[in-house]
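Undergrad: So you can see what is in the structure, the chains are spelled out below.
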Amino acid sequence: MRKSRVAYPLTWRVMDGLEGLAARLWPARFEKGLPYLMLAPAVLLVGILVLGLVQIGDSSLRVLDTSTFLMSEDLTLANYHRALTESFFATVAGRSLLGSVIVTIVTLIFAFPYAYLMVRTPSSALRKLLLVALFLPFFIGQVVRAYGWLIILGNQGMVNEALGLVGVAPMRLLYNYPAVLFGLVQYMLPFAVLMLAPALTAIPAELESAASSLGANWLRTFRHVVLPLARPGLVGAGLVVVTLSLTDFAIPAILGGGTQDFIANAIYDQFFRTSDQGMGATLSLMLVAVGSLLVGLVFMLFGAGTLAMTGERK
Amino acid sequence: MSHEKFLTTEIRRRTLLASMAAVGASATFGTGKAFAQEPEKPAEIIVRAWGGSWVDSLKAGVSDSFTKATGIAVRHDLTEDNEIQPKVWAAVAQNRVPPIHINWDTTTNATKSALRGVTEDLSDLPNLKNTTELAKPVGLDGYPIVNTYGYVYVLAYRPSAFPNGAPKSWKDLLDPKLKGRIALYNDGIGFHFPAQVAGGGKLEDIPGNMQPAWDFIRQIKAQEPLLGEDPDFTTWFQKGEIDAACTISTNAREARKNGIELAWVVPEEGAKFDTDGLWIPKGLPENELYWAKQYINHALTKEAQQVWLDGLGLPGVVPGLTPPADLVGDPSYPTTEEDFKHLIRISSKTQVENESQWFGKFKEIMQG
Amino acid sequence: MTGSRSKSAVIWAFVATALVMLSAPTIVVLGASFTAGNIITFPPEGLSLKWYGAILQASDLRQAFVRSLIVATICTLVSIPVGTLAGIALAKYRVRFARSIQIYLLLPFTIPLIGSGIGMMLVFGNMGVLGKLWPVGIACCVINLPFMIWAVTASASNLSPDLELAAANCGAPPLQRFLYITLPAVLPGVITGSLLMFILALNEFLVSLLLVDARSVTLPVQIYNSIRSIITPDLAAISVVFIASAAIAIAVLDRLVGLDIFLKSK
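So the protein sequences, as listed, match chains X, Z and D.
90 is the number that the UniProt record's numbering gives to position 90 of the first sequence; each next residue is one higher, with no gaps.
146 is the number that the UniProt record's numbering gives to position 146 of the second sequence; each next residue is one higher, with no gaps.
76 is the number that the UniProt record's numbering gives to position 76 of the third sequence; each next residue is one higher, with no gaps.
Just so you know, these hints were derived from the structure itself, not from any lab.
Here a beta-carbon is modelled for each residue, glycine too, at the ideal position from N, C-alpha and C.
Where hints are given, some of them may not hold.
What the hints assert, rightly or not - With a straight-line cut-off of 20 angstroms between C-alpha atoms, the simulated EDC-like cross-links for lysine to aspartate or glutamate are:
id : chain 1 : residue 1 : chain 2 : residue 2
1  : D       : LYS132    : Z       : GLU44
2  : Z       : LYS349    : Z       : ASP205
3  : Z       : LYS239    : D       : GLU45
4  : Z       : LYS129    : Z       : GLU364
5  : Z       : LYS59     : D       : ASP60
6  : Z       : LYS361    : Z       : ASP215
7  : Z       : LYS361    : X       : GLU19
8  : D       : LYS132    : D       : ASP60
9  : Z       : LYS349    : X       : ASP74
To be verified - Which residues of chain X face chain D? A few of them, derived with a C-beta cut under 8 angstroms, are:
id : residue
10 : LEU77
11 : TYR80
12 : TYR116
13 : PHE138
14 : ILE151
15 : ILE267
What the hints assert, rightly or not - Covered, in the sense of this in silico footprint (three residues per stretch, anywhere, with C-beta under 8 angstroms from a C-beta of chain D), are these stretches of chain X:
id : region
16 : 62 to 69
17 : 92 to 106
18 : 124 to 137
19 : 161 to 171
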């Protein structure tokens with residue numbers, strides 16, 4: 001008895017014990033519930049945010065009394081009415097929505113070849129270089145990042161100086177809408193590449209060589225083989241970029257010169273500058289609604305990415 | 001306006017309660033230190049301050065000498081004034097101990113907190129009797145805040161961009177040469193009132209009729225101004241992005257100290273004068289409240305004010321301070337009645353009650 | 001052959017543009033940190049390490065950096081099991097209301113960070129845990145959780161149901177199938193996801209701002225708050241130190257698990 005135990009490797013015994021425990025905790029007949037159990041921790045964690053939303057949702061129904069700076073006792077839809085009727089909010093919302101769509105498209109166009117090269121290159125050094133370059137921008141905080149861009153793109157910046165050498169007068173490259181979109185693309189690119197890369201690793205390179213040996217040129221191979229197979233990654237990356245740029249605060253603040261606010265900047269102003277938590281909460285909730293609708297729309301148009309594959313799978 | 005009446009009674013009730021509490025505490029304050037039973041000293045107190053040269057001045061003038069006198073360390077929390085506000089408000093609403101002991105704040109922002117009732121009453125500070133009337137917040141009962149100095153939103157400019165001499169009027173910003181070369185605060189703070197005058201309106205019409213201000217701001221909008229915060233202005237001057245800005249003189253002076261070519265004026269329409277102050281949030285343990293009050297009391301001594309405000313280059317609230325050498329006779333350092341004639345001062349109460357509207361209007365024009 | 005040459009030319013054109021876009025501001029800041037002057041300029045005015053000396057002496061920065069490391073570690077440790085399980089569940093199983101669940105799990109991205117920050121400040125405030133570091137770690141985990149989930153689901157096309165069936169046929173019990181087949185298949189996603197989680201938490205600013213106090217302030221918050229009137233090169237130097245320590249961390253990780261294997265296509 002004792003002898004056999006020693007002969008049996010420890011890891012096996014641990015595994016057996018764990019299997020037993022798992023089976024007792026979650027018998028096979030609960031099989032159907034398993035995915036829900038696996039989702040539970042994530043759902044609970046995001047639940048913290050929902051609790052927060054409930055808290056600020058309450059204040060969205062109250063208006064600020066500027067003689068006491070307290071929120072009103074009685075509930076009203078006045079904030080929502082304001083948000084929907086004042087032209088300022090419409091301007092800002094339109095700017096953010098349009099911006100997030102443009103940024104998503106441009107980001108995906110740049111992220112795809114980047115991710116492709118990163119996973120396909122035979123050179124390990126190049127792969128690591130590409131990976132590290134993705135993480136670099138995160139480490140300079142927003143204020144320093146803004147300063148960096150000013151040195152490069154400012155009126156007296158490097159680009160304008162270079163243009164000056166060929167006789168082009170200095171032009172304002174920063175503090176306008178295109179500058180904000182450019183900044184967002186730069187900011188979103190790492191996210192998109194990192195979402196795409198795992199999806200691309202799953203596409204066998206042989207599949208491409210097969211396609212080209214059958215006479216397809218690389219563009220067609222790309223379009224008919226790689227892109228469709230990469231769809232889960234593209235949808236994932238697209239969702240990440242569209243939602244993050246829709247709700248971004250920092251880039252419009254640092255590259256917009258104060259006149260290119262997105263919704264999140266308007267929300268910041270309400271919470272922090274005019275101390276109107278009700279209005280800030282209202283705009284936040286409306287932004288959540290718009291963002292979620294957008295996500296639903298992406299699911300409808302492009303399928304749910306990985307989920308679409310589930311359907312075929314099981 | 002029955003509403004307003006309600007407000008005043010509410011505030012009176014609050015002040016009454018506070019002053020009753022003060023009577024209870026008077027034993028500690030009244031009887032001199034030797035006999036006073038000093039409450040237990042906390043290891044440290046936390047003072048919210050602005051970063052950079054602002055906190056350096058406060059440390060040199062007030063915090064270090066406070067630590068020396070009491071042995072209590074001072075930690076500075078550099079969260080922005082408008083960003084600490086929801087944190088403090090939430091702490092008071094949730095009956096938590098607030099994250100800071102003392103808030104160094106703009107009087108406008110502090111007034112919001114006072115109206116909301118999250119400030120401790122400070123009228124029993126002994127050193128208040130030595131202060132000028134600037135220390136007293138206008139339009140509030142008692143001292144929910146103590147103003148500690150005043151400052152001016154000047155027109156700062158790059159002299160080389162004005163070869164014909166300094167700008168004389170805010171209207172000079174409309175010069176086509178300055179298109180895309182001027183900057184304002186992104187909520188327009190400091191600019192609304194001079195704009196009212198520059199637009200041909202009267203200050204007495206604030207807040208009733210500010211159309212002249214909006215008209216002028218629309219003209220400015222056509223000049224494509226940049227909007228930002230203090231660090232932005234300095235950076236933009238430094239990197240040649242702008243030639244003129246409406247900003248607080250302290251920042252302009254700090255930029256000049258760091259070698260940026262800069263000068264400033266108070267234009268003929270006047271410039272906004274405002275104050276900053278110190279206040280204590282409600283919810284502190286009794287002993288920490290006592291020492292927080294001692295800190296503010298200490299900040300009102302002539303010695304502390306002299307060093308602190310030399311750093312900031314701003315006029316204080318105790319008589320007999322010596323202005324820094326580079327600011328003698330400077331319009332951004334008003335001392336005489338004549339100096340104040342060129343400055344625009346609007347009561348905090350009017351400001352806080354209308355600020356969100358003004359701000360919204362300014363945004364609407366600028367974001368359009 | 002010309003086909004593949006034009007292919008790599010096109011790819012490289014995009015990648016080169018992206019590389020310039022990604023690293024230009026960082027390189028400028030890197031260079032500027034070695035300036036002998038008092039402002040951030042590029043190329044720097046003379047070379048010196050004086051700004052590094054300046055930050056070396058700031059003990060509050062060092063403490064804030066340690067706190068940021070703790071926050072990032074908590075965030076990553078929580079997000080790995082939570083995000084991996086959720087990602088696998090979504091990718092592998094047919095889940096009822098899957099789309100609604102996905103939209104729900106994307107809330108961290110559709111709620112603006114300021115809203116999340118204010119909300120969590122109220123929630124953690126009610127619980128009386130503000131001022132501690134773990135709520136900040138949890139908060140960073142929540143707001144970035146979709147990255148983890150999506151990184152895992154994106155790599156889930158590596159999952160092979162056939163392989164699992166085969167294992168089951170050979171008598172492998174469910175937990176073993178999970179540990180030896182499912183998990184290795186999604187490992188590329190887990191690695192990229194956790195790298196991202198760690199780095200984002202290390203640099204998180206807006207939400208942390210609302211959750212920390214002066215005694216628990218993290219590095220990005222400390223840096224942002226210290227700027228008031230003049231931006232000096234010490235900020236650039238801090239960024240460089242930050243990047244260097246992250247590079248070391250990535251190098252160590254690479255040594256330990258070999259990042260290469262997980263990102264290379266098979």
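Undergrad: Taking the hints in turn, state whether each one holds.
TA: Hint check results:
| no. | hint | in the structure |
| --- | --- | --- |
| 1 | D:LYS132 x Z:GLU44 | holds, 18 angstroms |
| 2 | Z:LYS349 x Z:ASP205 | holds, 15 angstroms |
| 3 | Z:LYS239 x D:GLU45 | holds, 15 angstroms |
| 4 | Z:LYS129 x Z:GLU364 | violated, 45 angstroms |
| 5 | Z:LYS59 x D:ASP60 | holds, 15 angstroms |
| 6 | Z:LYS361 x Z:ASP215 | holds, 11 angstroms |
| 7 | Z:LYS361 x X:GLU19 | violated, 66 angstroms |
| 8 | D:LYS132 x D:ASP60 | holds, 17 angstroms |
| 9 | Z:LYS349 x X:ASP74 | violated, 25 angstroms |
| 10 | LEU77 | violated, 19 angstroms |
| 11 | TYR80 | violated, 16 angstroms |
| 12 | TYR116 | holds, 7 angstroms |
| 13 | PHE138 | holds, 5 angstroms |
| 14 | ILE151 | holds, 5 angstroms |
| 15 | ILE267 | holds, 5 angstroms |
| 16 | 62 to 69 | violated (count 0) |
| 17 | 92 to 106 | violated (count 0) |
| 18 | 124 to 137 | holds (count 11) |
| 19 | 161 to 171 | violated (count 0) |
The structure fails hints 4, 7, 9, 10, 11, 16, 17 and 19 (numbered hints given earlier, in ascending order).
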